[in-house]
Amino acid sequence: MHILPSRPPFSPTFVSHSPASSSSIVVSARVVRLRVTLFSMQDPRFQPNLSSTYQPIKCSINCNCDNEGVQCTYERRYAEMSSSSGVLGEDIVSFGNESELVPQRAVFGCETLETGDLYSQRADGIMGLGRGRLSVMDQLVDKRVIDDSFSLCYGGMGVGGGAMVLGAIPSPPGMVFTHSDPFRSPYYNIELKEIHVAGKPLKLSPKVFDQRHGTVLDSGTTYAYLPEEAFLAFKDALIKKIHFLKRVHGPDPSYNDICFSGAGRDVTQLSKIFPEVDMVFNNGQKWSLSPENYLFRHTKVSGAYCLGIFKNADSTTLLGGILVRNTLVTYDRENDKIGFWKTNCSELGKRLNYVSAPPPSRLPSDSQNRSTEILPPVVPVDLS
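According to our numbering, the stretch in the sequence shown is residues -10 to 373, in order.
Fair warning: there could be bad hints in the mix.
Here are the simulated lysine-lysine pairs, DSS-like style, with alpha carbons at most 30 Å apart [what the hints assert, rightly or not]: (1) K229 <-> K331; (2) K196 <-> K300; (3) K261 <-> K229.
Everything labelled a hint here was simulated from the structure, so no lab data went into it.
Please model the complete structure; the sequences and the hints are all you need to start from.
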């Protein structure tokens, strides 16, 4: 997806803060950021001084200010140890030729410094869809441009692509919903009760998924992270079902990945070897995961796959982008619920007549896991 800020227009492509996402469009931070002095990009960098419609957000008691006390600033740090900082500005934002949305004025972060994987990927910025006055969603909803809902659909393993819809769409038959409480946290939380492996529930207390921040859906995070008790139970149940596969070392010796060889290279056949996993919500509805939703391909051993669910040293359950591959996810903020519908996301984009931007050419290694404490991205400073 391309977003064009300013007059005359520039064309930065917005992606999620997660450098490991296989999609060109994802969800996580609540501020839009544009690259200014960056390593490598797909499009020209945004230059505020060349835009006749750009306006800086002036320093006030409602924001952090620069050293001169002139302009509002921002700084964001993310779960995967990247960071982004810069100044806040306002300009006219267009959503590309494929979008029906007319250009709108919007506040965004104009990036001047970034670290970690954000620096080395070729994406041009981040589109913020979280809760908060500075998110793109909240700004468009406040202007009554769209309904308070959006949907994302990530392409499958090794495919990428997908689609994003800003505003409400009819729910497909069979979409599974769970309640999302906006008052519990600023994150998109869901009410996870149980996890089933091959139809059998893990022997866990339902409270294990309700600790601290509860269960957070953050498609801007690459993998999934479970509290230790839940992770060990899941790992053991999975290994029992695939005991005939050979255990192999992970692609990166720096990480103790759990990997298996002998499954073949055809992703469409993995369900014949690896079990189905169900996420069971408090309302009894099940969100079913195929193997591509919890495995990533081994980069050095053909036909080998590694577990994309890790132990979180924190008690929060964090469900990342891997779980929503080939899944249409509707964030119905108007009705405080999130829906899941298994589908081919690459084809969905064509059916919706959306032409998504090409994914970043540098994708992070699938071997990059983080078994330390993982939390959702830091909530941005609000200007309220």
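Status of the hints after comparison with the structure:
1. Taking the CA atoms of K229 and K331, the gap is near 26 Å; set against the 30 Å cutoff, the hint holds.
2. Taking the CA atoms of K196 and K300, the gap is about 17 Å. The hint holds against a cut of 30 Å.
3. A hinted pair counts as satisfied when its Cα atoms are at most 30 Å apart, and K261 with K229 qualifies at roughly 15 Å.
Checked against the numbered hints given earlier, the structure satisfies every one of them.
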